[in-house]
Each structure stands twice: as structure tokens, then as C-alpha cells.
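Visitor: These are the residues of each chain, in order.
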Amino acid sequence: MKSAEPAALDAFEAALTLGDVKGRSPWEDAWHRLLKNRAAVISALLMGMMILVVIFGPMLSPWDLDYTDWDHTNSPPSLANGHWFGTDAVGRDILVRTLQGGRISLLVGVVATLVSLLIGVTYGAIAGYYGGVTDRIMMRLVDIIYALPFMFFVILLMVVFGRHIVLIFVAIGAVNWLDMARIVRGQTLGLKRMEYVEAARACGVENRDIIRRHIVPNLLGVVMVYVTLTIPQVILVESFLSFLGLGVQEPMSSWGALVNDGAQDMESAPWTLVFPAAMLTITLYCFNYIGDGLRDALDPKDRL
Amino acid sequence: MRQQSLLRHAGQRLLGVLPTLLLLITVVFFLMRIAPGGPFDSEKALPPDIQANLEAKYHLDEPLLQQYFRYLGQILVLDFGPSFQYKDWTVNELIAQGFPVSLTIGGFAMLLGFLVGVTVGVLSALRQNTAADYATMGFAMLGVSIPNFVVAPVLILLFAVYAGWLPAGGWDGGWRSAVLPVITLALPVIAYIARLMRGSMIEMLHSNFIRTARAKGLPEWHVILRHALKPALLPVISYMGPATAALITGSVVIERIFAIPGLGSYFVQGALNRDYTLVMGVVIFYGFLIIMLNFIVDMLYSILNPKIRYEER
Amino acid sequence: MALLEVRDLQVSFETPDGTVEAVRGIDFSLQPGEGLAIVGESGSGKSQAMLAMLGLLAENGSASGVARYRGQDLMAMTPPQLNAHRGKDIAMIFQDPMTSLNPYLSIERQMVEVVRHHQGLGRREAQTHAVEMLRAVRIPDPEQRIKQYPHEFSGGMRQRILIAMGLLCEPAILIADEPTTALDVTVQAQIAALVREVVARSGMASILITHDLGVVAGVSDKVMVMYAGQVVEYGTTEQIYHHPQHPYTRGLIASVPRLDQVDDRQLHAIPGNPPNLLDLPQGCSFRERCGAAFEACGAAPELAAAGQGQQVRCHLERDA
Numbered sequence: 034m035k036s037a038e039p040a041a042l043d044a045f046e047a048a049l050t051l052g053d054v055k056g057r058s059p060w061e062d063a064w065h066r067l068l069k070n071r072a073a074v075i076s077a078l079l080m081g082m083m084i085l086v087v088i089f090g091p092m093l094s095p096w097d098l099d100y101t102d103w104d105h106t107n108s109p110p111s112l113a114n115g116h117w118f119g120t121d122a123v124g125r126d127i128l129v130r131t132l133q134g135g136r137i138s139l140l141v142g143v144v145a146t147l148v149s150l151l152i153g154v155t156y157g158a159i160a161g162y163y164g165g166v167t168d169r170i171m172m173r174l175v176d177i178i179y180a181l182p183f184m185f186f187v188i189l190l191m192v193v194f195g196r197h198i199v200l201i202f203v204a205i206g207a208v209n210w211l212d213m214a215r216i217v218r219g220q221t222l223g224l225k226r227m228e229y230v231e232a233a234r235a236c237g238v239e240n241r242d243i244i245r246r247h248i249v250p251n252l253l254g255v256v257m258v259y260v261t262l263t264i265p266q267v268i269l270v271e272s273f274l275s276f277l278g279l280g281v282q283e284p285m286s287s288w289g290a291l292v293n294d295g296a297q298d299m300e301s302a303p304w305t306l307v308f309p310a311a312m313l314t315i316t317l318y319c320f321n322y323i324g325d326g327l328r329d330a331l332d333p334k335d336r337l
Numbered sequence: 022m023r024q025q026s027l028l029r030h031a032g033q034r035l036l037g038v039l040p041t042l043l044l045l046i047t048v049v050f051f052l053m054r055i056a057p058g059g060p061f062d063s064e065k066a067l068p069p070d071i072q073a074n075l076e077a078k079y080h081l082d083e084p085l086l087q088q089y090f091r092y093l094g095q096i097l098v099l100d101f102g103p104s105f106q107y108k109d110w111t112v113n114e115l116i117a118q119g120f121p122v123s124l125t126i127g128g129f130a131m132l133l134g135f136l137v138g139v140t141v142g143v144l145s146a147l148r149q150n151t152a153a154d155y156a157t158m159g160f161a162m163l164g165v166s167i168p169n170f171v172v173a174p175v176l177i178l179l180f181a182v183y184a185g186w187l188p189a190g191g192w193d194g195g196w197r198s199a200v201l202p203v204i205t206l207a208l209p210v211i212a213y214i215a216r217l218m219r220g221s222m223i224e225m226l227h228s229n230f231i232r233t234a235r236a237k238g239l240p241e242w243h244v245i246l247r248h249a250l251k252p253a254l255l256p257v258i259s260y261m262g263p264a265t266a267a268l269i270t271g272s273v274v275i276e277r278i279f280a281i282p283g284l285g286s287y288f289v290q291g292a293l294n295r296d297y298t299l300v301m302g303v304v305i306f307y308g309f310l311i312i313m314l315n316f317i318v319d320m321l322y323s324i325l326n327p328k329i330r331y332e333e334r
Numbered sequence: 033m034a035l036l037e038v039r040d041l042q043v044s045f046e047t048p049d050g051t052v053e054a055v056r057g058i059d060f061s062l063q064p065g066e067g068l069a070i071v072g073e074s075g076s077g078k079s080q081a082m083l084a085m086l087g088l089l090a091e092n093g094s095a096s097g098v099a100r101y102r103g104q105d106l107m108a109m110t111p112p113q114l115n116a117h118r119g120k121d122i123a124m125i126f127q128d129p130m131t132s133l134n135p136y137l138s139i140e141r142q143m144v145e146v147v148r149h150h151q152g153l154g155r156r157e158a159q160t161h162a163v164e165m166l167r168a169v170r171i172p173d174p175e176q177r178i179k180q181y182p183h184e185f186s187g188g189m190r191q192r193i194l195i196a197m198g199l200l201c202e203p204a205i206l207i208a209d210e211p212t213t214a215l216d217v218t219v220q221a222q223i224a225a226l227v228r229e230v231v232a233r234s235g236m237a238s239i240l241i242t243h244d245l246g247v248v249a250g251v252s253d254k255v256m257v258m259y260a261g262q263v264v265e266y267g268t269t270e271q272i273y274h275h276p277q278h279p280y281t282r283g284l285i286a287s288v289p290r291l292d293q294v295d296d297r298q299l300h301a302i303p304g305n306p307p308n309l310l311d312l313p314q315g316c317s318f319r320e321r322c323g324a325a326f327e328a329c330g331a332a333p334e335l336a337a338a339g340q341g342q343q344v345r346c347h348l349e350r351d352a
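Residue numbers (our numbering), protein chains in the order written: chain S, 34 to 337; chain E, 22 to 334; chain V, 33 to 352.
Isolated chain S, as found in the complex:
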């Protein structure tokens, strides 16, 4: 560049340094966007509270899970007799049962999601990493399984193997990994071909470091979004099974089972329906908003 004056070059340099001052990492950017999303922030706070209450609430309550208070059967919510959410037909405290049910529902949601995460990430990463024939066969299998009626399989498993809580985790997790496998496989495939990954490889960066610095951080976002959106799905499936009487069994209960109990008595004792139903709905609502918020924050495609 013969004709570029030194003064201009200096100015150019100054402009460059000025422009760089505001540099933010994509994660910081995403975090700022997430914090601006009021629905997601409120949902996250609510969920945090919900988890704390569900874990510690039953310990603080004077009532036991299956204690029957014969003096107060079918009691409406009352501060006076200590049954804040009322009692059911045999005098069990709805508050304790709802919190206890929440433990199970949330536990199923988290554990089954982790199961599907584990299977899905492993499967998807292998298919995406090896590519070629391996990938084609593995993904074809996913396609085939994908077309099966998922819920009926879970029910079938319940019918065949009996109702057991571990089986619920496994059954739901085992049929829910397909989406995860597809997403992870697609991402891995795409990332493998990214210029910066190839550039890193060309520069002699070790495979381990490439995976740690380039692949994992990029997968993390998608996986996080997916996990937050899978948890409510799984909770819903579990409640659905429990509602049909195919889920967890007495004396344990989950929100689905409680809604089922409540629906039987809703004309005489609507509170037995309302509280567990509300807790379940709030939880699903919040998780969906958090997932939505995360997705918008991490993938600012349609940001105006």
C-alpha cells in the first residue's frame, strides 16, 4: 500500500483499538439477553423457589405423608386446623401430599432427562463424529424408532414390567433420547466442518483441546436449551401415566396421581384438584418459558 499515508494508518489503528473495547463474549451476550427476558427470569426465580419448597417443605410440615387426620376429613383449606391446602376424603394433608408429589415429579423429570441426555449425546456424538456409513445406519435406526408411538410404548412397558419408579425413569428416558441424538449429531457434523475447527486442526491443536475449546462450548448451548425443554415434557409424561393409574403407586404419589385423585372428588372438594393441578401447571409453564428464553438468548436469529 504505497499511497496510504502514515497518518491514515495511525487513525486506522486507533479506530481498530477503539472498536475492540466493547468486545463481549457470546456467552456474556446471551446472558445479557436472557436477563432482559422478563418472563424467563421470573420463571427461573419461581422454579428455584418451587424446588426449595418441594425439597424442604415436607420436612417442616407437622403432617406426615400418609397421616390421616380423622378430625378433619375433606377439610377446605384452612389456617385454623393447620391444613393450608385442605385435606382429602381420608384426612390426608393436601399440602404435604402436593409437595411430596412434586418431589417425585421433579425427580422423574430431571433423572429421566439425564438418562435421555446421556444416551442421546453419546449416540449423536458417535454418529456425527464418525459420519459416513456408521452415521447413516445409526440415524436410519433413529428415524425408524422415531415413527413409533412413543407414549404407547411407555404404557406397554408399564403393563409388561409392572409399575416401578425406576422403570418410569428408564422407560421415559429410553424413548426420549431420539431428539437429543438428532440435535447433537447435527451439531457435531456441522462443527466438524467449521472453518475455525479446521483452522485449529491445521494449526496443530490437539483433538482433545479442539473438543474442549470448540466443540463442547458450542454443543452446550443447544443441549442446555434442549434439557430445559425436555424436563417439562418428561414431567408431563409421568403425570399422564400417573393420572391413568399407570405411574407411581401409593403411598408415593406424583402431581399426576394427585390430579387424578382430585378430579374424582372435584365437585365436593375442588381444592384437592386445584392445588396439585396449579403446581403442575406452574412448573410446566415456567420450564417452557425458561427454555424459550434460553433458546432466544443463545440463538439470536430472529432478534430485531
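Source of the hints: derived by calculation from the structure; they are not laboratory data.
Note that the coordinates shown come from a computational prediction; the quantities given were computed from them, not determined experimentally.
The beta-carbon is built from N, C-alpha and C at its ideal position, and this holds for glycine as well.
Treat each hint with caution, since some may be false.
Claimed, not checked - The calculated label-pair distances, taken between Cβ atoms and stated as ranges, are: (1) E/Gly185 - S/Pro250: 58 to 68 Å; (2) S/Pro250 - E/Tyr155: 26 to 36 Å; (3) E/Pro121 - V/Glu91: 46 to 56 Å; (4) S/Leu68 - E/Gly185: 40 to 50 Å; (5) S/Gly237 - E/Leu39: 42 to 52 Å; (6) V/Pro48 - S/Asp99: 26 to 36 Å; (7) S/Pro110 - E/Glu241: 46 to 56 Å.
Using the hints provided, position chains E and V relative to the given structure of chain S.
Guide: Frame of chain S, contents of chains E and V only:
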């Protein structure tokens, strides 16, 4: 030329359906065989006529593989065998009895879900980021989040028990007994489609080709209906497959709550009573239905999208 | 009366990081049959000014000012009023032919609807007219190809189709927004020649938006150079080519590769990047990249006459 390649595409897809069906039948068959206290154990005291009928039907003395192929052959001619619980009924008869009811409710729910969902989604997209849009999407999120089995009792409580406008349950084939089940079943579909439609419509409205259409001086309704609507509908069309599965699953709960004698009710009863042949039959029947509907949706998608063949090459 | 007269056109966008002043008041007029080129780097506001005039800004954009087409202010029109002119009197061709055609509709439907809507022709006549236009832009076998979908055409072919579409109603003004930028280099020259040809043949006025002064010759009579949302120089093509006065224009001219001057001069590049529109520098916007900047440049210069109708926004030229 286009028809030909569409036919070829259909053929390929249909071939792809076969392994899925085979897997479905195989898994169901062997699950039943390994089931502890399964249908093929004679520990349970069954009425002798059914016992005899079963043994004849399933040739229990034959090797496993032979039984499997025999079962496959039976499924091929759509024979699901006798029911365990409902004596004197075959599974085929139960399906014939229950399915039309389920289909009526499911069909109307799907129609309602599609029409309302698409309309709400488009309107929301056109009023993007207004208060009306936010409110609508808040409701849609609620619709996606609230389970059917929570909505149903609440609707019954409001419209049947308190207001007394509609029956709380039962089925007489008339519209009054269908209103609440159809609405309950349609709500999540409406909500999901509305969210989907809004998103894809907004994406379309920001696209370059819509800008071209506007630059051509076409009226706004023409731009939206002729240029944006069709491509924006494609994700919704893709969703119709999963939506069918969701509706079928939902109908299981809805029929139970509203005491509707549909296939879902039989299925739940069968599952609770370990009526293996019935459960097997219904799972295979529903599986077949879902797989075929996915195939139809796939075809519809290819017809609507002129790019599909191009991209496959 | 001028065919098109633009006064103090301003465009701004609301973004999460603040308000972007994309166009900061431009004025120009266009006589019937006249060719105007708007030249500038990406982000200089040249496309947004044209989009604003036609009411095609993105939702977060807003515009002010006056743009009179045959005396009627386009900026003050309701969408239906504007629709009567868009595509009929003023046609626009966009820079990305790959995404500017609707992939879900056949070329025929996309062309016929324009003619039917604006000229009320019947289906058959509209179809014949569309085929003629395709032939005019040299699409081979137009009767058959009009039935096809956009993905069945190459980028260059699609741009030809878009040009044909723009010409359908014989508009008084054709706005071409970087019609060659997204194309292969070999195709670029063909499309540039086609634009030149159709403009010359039809005698319509044209506004060519480009970052490449090299394609201006032969199409445009006047050139408007834009930088950071402002006009920095305006003049006839002759004046701009031979007597560029603004340092930025000189830089642009020096960066055009020329075949007729075989010498050892290296291709010139303007150092630095266009300024951040969210955070414009004090004074002259070009100051930080300008080799000739001096103290006076701390104050923003005005666009001022520089003889024979030429205008320039620079302290140097005024003081000279």
C-alpha cells in the same frame, strides 16, 4: 416430470415405512412374550374356552420363531385375536366399536386446532410485539403447558357442574356431548400451532422475497395470503404428524375423563387389567395409524414444497 | 418538474444497542430519463434511503423527509396509495437474486400477478407479456422456463428474471440495488451490461446503487457519493470521474481496477472501516480515515457548491 419424481419419492418413503412397522410388531410381540405373568403363561386361571381359543390361536406348542411369523401373518390380514378381558369379543371387534368414536372426536379436534391455530398465529405475527400479540402468546404458552387432564376437569367444573350448559360426560353421538372433549383435545394443538405459525410467519415476513412482493405494489392481503402463507404453513404441515400422535395419546385421557366409549377407554382398561391381546392390538393399530399419517404428511409436504426434490438430489 | 425530488430524507433504526442513524438527510432530484448512481460502501445508507422511499424499511426502521414522485409525496402516502406506484411507476431490483424470488411460486405466477394487478390484463395477455419480457432479458426458451420454480435457475438467470419482473409495467424509474454484487464475477459483467441495455432502450430514469464506481459509466449521468448516511459529493459522472474533489471519492476512484491504464500503480484501498453509526465521530465522519484531515475537520462540514453544479462536503475544497 414433477408427478413422476413425486411418485418415486412416495415409493421410497413407503419402503421406509415397512421396517418401522416390522419393528413395531416385533417389539410388541417379544415384549409380550417376555412379560412376567404374560398372556402366554397359563398360570392365570383363564376360562377354559378362552384358554383353548388362545392356544389354538397362538400355537403355543410351536417354536418361538414360528409363532412370531404366524403372528406376523395374522397381523398382515389384520387379525388381532380375541380379547382377554372382554369375553366373547375379539380385539378387532373392540377396535371397530371404539375407533369411530375416537376418530370423530380426534378429527374435529384436529380441524379446530389447525384452523384456529393458524388464524391466531397469523394474526399474532401481523401484530408482532403489540400487547395483543404478547397476551395471545402468553395464552398459547399456557395451552402448551397445561396438561389435558387438568383442563378437562376444570372445563367440566365450569361448563357442566356450575353452568350446566353441557353434559359432564358420556357419549350420545350428538354435538353437545362432543363439545367439551373436542375443545379439551384441541387446546394444546391450537396453542402449539399458533406458536409455530407465528414464528414461521414472522420469518417469512422478514424474508427478501416478501420484500420483492411488496416492491411489486401488490396489496398487503395478496402478499400475505399468496406469498407468505404457503411457505409459513410448511412447518405446521410437518407438525401434523406429531400432532396426530399427540391427539391419539390425548384421547386416551380425554375419553377416560369424559367417560366416552372410544378406543382409548378400551386401551386404558386393557392396560390396567393386563389385557395383553387388546393392548398389543391397539398399540399396533395406533402405531400403524401414526406411521401412515406421518407418511401422508410427508407427501403433502413434498407436494407443497417445490424445492424438496431438488434438495434431495 | 423533476420526476423525483427528494428533500432531507432521513432513516433511523431502533436496535437493542441504540438508535442507528442510517441516512442523515439527503437531497437529490431525478429528471425523466436521467440516470443517477448512488455510490458508497456497505452501511453508507444508500440502500436504506431507497427502501425508505418505497416504504420497504424493516419494522424497526423509521423515515422522515419528502420524496415527491411527479409532485406527490411518497413518504406521506398510505400503503394502498403507495402500492399504486410500487412496481408500476417505480420498480426496484434487489441485490440478492437467490432469495428475492418466492421459492414456492412459479416464475409465471410471480410475473403474471404484477401485470394483472397494475394493468388489469387477462391471464393470457399477462402471460404473453411476461414471456416477452423474459425474452427481452435473454432467458432461453421462455415459454417453457416460465413454468419453472426459482430453484431451477442459476443466480444470474434469477437476476435476469428479477429485471424482467421490474420492467413488466414499463416503470418511469428503475431502482437497481447492487444488482451484480451477489453474482459470480463472470456473470456480473453480463448483468451490468443488461442493466445498461434495458435502461438505454426504454429511456426510463434509473437509480443505480453500487459500491463500485466502475459499473457506473454508461448507465448514469449523475453520481452521488454517500458516506456514513450523508452525501459527501455530487456531480455529473464526468465530473466525478475526472475531477473528484472529496478525499473519499478519490479513494473510491483509485480503488477501481482499470484496464486502460497499464502502469505499475498498485490498486488502492481506503484504509480503515466505515464508522460505527451508533457512535459517529465528532466533526467530519470521514476524518479518521482521511489522509488530508486537519484541524478544521473537527467541525462537521456542510455540503457546498464546488462549481458547475458539483457539490462537495469537505473543508479542504471550500477553503481552496
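Visitor: Give a verdict on every hint.
Guide: Do the hints match the structure? See the list:
A hinted range of 58 to 68 Å for the beta carbons of E/Gly185 and S/Pro250 is consistent with their spacing of about 59 Å. At roughly 33 Å, the beta carbons of S/Pro250 and E/Tyr155 sit within the given window of 26 to 36 Å. Checked against the given bound of 46 to 56 Å, the beta carbons of E/Pro121 and V/Glu91, roughly 48 Å apart, stay inside it. Evaluation of the 40 to 50 Å hint for S/Leu68 and E/Gly185 yields a pass: the beta carbon distance comes to about 48 Å.
At roughly 49 Å, the beta carbons of S/Gly237 and E/Leu39 sit within the given window of 42 to 52 Å. Between V/Pro48 and S/Asp99, the C-beta spacing of about 53 Å breaks the proposed range 26 to 36 Å. Distance hint check for S/Pro110 and E/Glu241: the Cβ-Cβ separation is about 53 Å, which falls inside the suggested range of 46 to 56 Å.
Checked against the numbered hints above, the structure breaks only hint 6 and satisfies the rest.
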